[in-house]
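Enquirer: Okay, here's what each chain looks like letter by letter:
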Amino acid sequence: AQSVTQLDSQVPVFEEAPVELRCNYSSSVSVYLFWYVQYPNQGLQLLLKYLSGSTLVESINGFEAEFNKSQTSFHLRKPSVHISDTAEYFCAVVTGGGNKLTFGTGTQLKVEL
Amino acid sequence: EAGVAQSPRYKIIEKRQSVAFWCNPISGHATLYWYQQILGQGPKLLIQFQNNGVVDDSQLPKDRFSAERLKGVDSTLKIQPAKLEDSAVYLCASSPGTGAGYEQYFGPGTRLTVT
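In order, the protein sequences belong to chains A and B. If you read the first sequence in our numbering, its first letter stands for residue 1, the second for the next number, and so on. If you read the second sequence in our numbering, its first letter stands for residue 1, the second for the next number, and so on.
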């Protein structure tokens, strides 16, 4: 069975600083990888996904993630964060032919002035 | 386009009582999911419907949880009787299909507190 590990439960960072949220997965078969974001008092929203092709994927608000098969990682990065990026970020994986999501435990990103 | 609707948003009950949650997916979405998110954990899939048929309910505690999706649109999730460990946010999501390329759209969730 697949699993997802997000080692950092909380990441505090100052505004305009770079950030990396780590995600590692375990699966012996091909995977599809996702990052979801949950803003305070809102539902989960898809931030970006890797299905195939280029291993570097980007979101519309400046986040990017790179699929690294050898390290079984899909870390999320942003070169300069904004206060509005404060939220909880979940990494998730799908294996096989369906779309059953297995989520990590989440990383709370707190951006401070 | 309206998003996934859920009600109620909050519910407090005593243990051994029953409770029901309602979900209205995005119009035209054939696939509907119920997730349980316990505080400090990621969402866990409870049940997945394709139209009004069950695709996966392997993690649904069937002795106390039940779900239905009559007519392949709205869905209800019921817990009877509730236990303290059922305190969680229950998320409903929908997607146009079942392939990995189909995005799942999540509702705001129902926060259940069992006392």
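Mixed in with the good hints there might be a few duds.
Stated by the list, open to error - Calculated lysine-lysine pairs in the BS3-like style (CA-CA distance at most 25 Å, straight line):
no., chain 1, residue 1, chain 2, residue 2
1, B, 83, B, 71
2, A, 69, A, 110
3, B, 15, B, 62
4, B, 83, B, 11
5, B, 71, B, 15
6, B, 11, B, 44
7, B, 44, B, 83
8, B, 62, B, 44
9, B, 78, B, 15
10, A, 100, B, 71
11, A, 49, B, 83
12, B, 44, A, 100
13, B, 44, B, 78
14, B, 78, A, 100
15, B, 62, A, 100
What the hints assert, rightly or not - Away from chain B, derived, C-beta distances all over 10 Å, residues of chain A:
no., residue
16, 13
17, 59
18, 66
19, 75
20, 79
21, 85
22, 102
23, 110
Stated by the list, open to error - Now the in silico label distances, taken between C-beta atoms and shown as ranges:
no., chain 1, residue 1, chain 2, residue 2, range
24, A, 42, B, 11, 12 to 22 Å
25, A, 80, B, 63, 17 to 27 Å
26, B, 27, A, 72, 36 to 46 Å
Just so you know, the hints here were simulated from the structure itself, not pulled from any lab data. Just so you know, even glycine gets a beta-carbon here, dropped at the ideal spot from N, CA and C.
Enquirer: A separate judgement is required for each hint: does it hold in the structure or not?
Expert: Okay, the hints, checked on the actual structure:
no. : hint                      : result
1   : B/83 <-> B/71             : violated, 30 Å
2   : A/69 <-> A/110            : violated, 29 Å
3   : B/15 <-> B/62             : holds, 17 Å
4   : B/83 <-> B/11             : holds, 14 Å
5   : B/71 <-> B/15             : violated, 31 Å
6   : B/11 <-> B/44             : holds, 20 Å
7   : B/44 <-> B/83             : holds, 17 Å
8   : B/62 <-> B/44             : holds, 15 Å
9   : B/78 <-> B/15             : holds, 14 Å
10  : A/100 <-> B/71            : holds, 23 Å
11  : A/49 <-> B/83             : violated, 36 Å
12  : B/44 <-> A/100            : holds, 10 Å
13  : B/44 <-> B/78             : holds, 16 Å
14  : B/78 <-> A/100            : holds, 21 Å
15  : B/62 <-> A/100            : holds, 19 Å
16  : 13                        : holds, 21 Å
17  : 59                        : holds, 13 Å
18  : 66                        : holds, 19 Å
19  : 75                        : holds, 17 Å
20  : 79                        : holds, 25 Å
21  : 85                        : holds, 19 Å
22  : 102                       : violated, 8 Å
23  : 110                       : holds, 16 Å
24  : A/42 <-> B/11: 12 to 22 Å : holds, 19 Å
25  : A/80 <-> B/63: 17 to 27 Å : violated, 50 Å
26  : B/27 <-> A/72: 36 to 46 Å : holds, 38 Å
Checked against the numbered hints above, the structure breaks hints 1, 2, 5, 11, 22, 25 and satisfies the rest.
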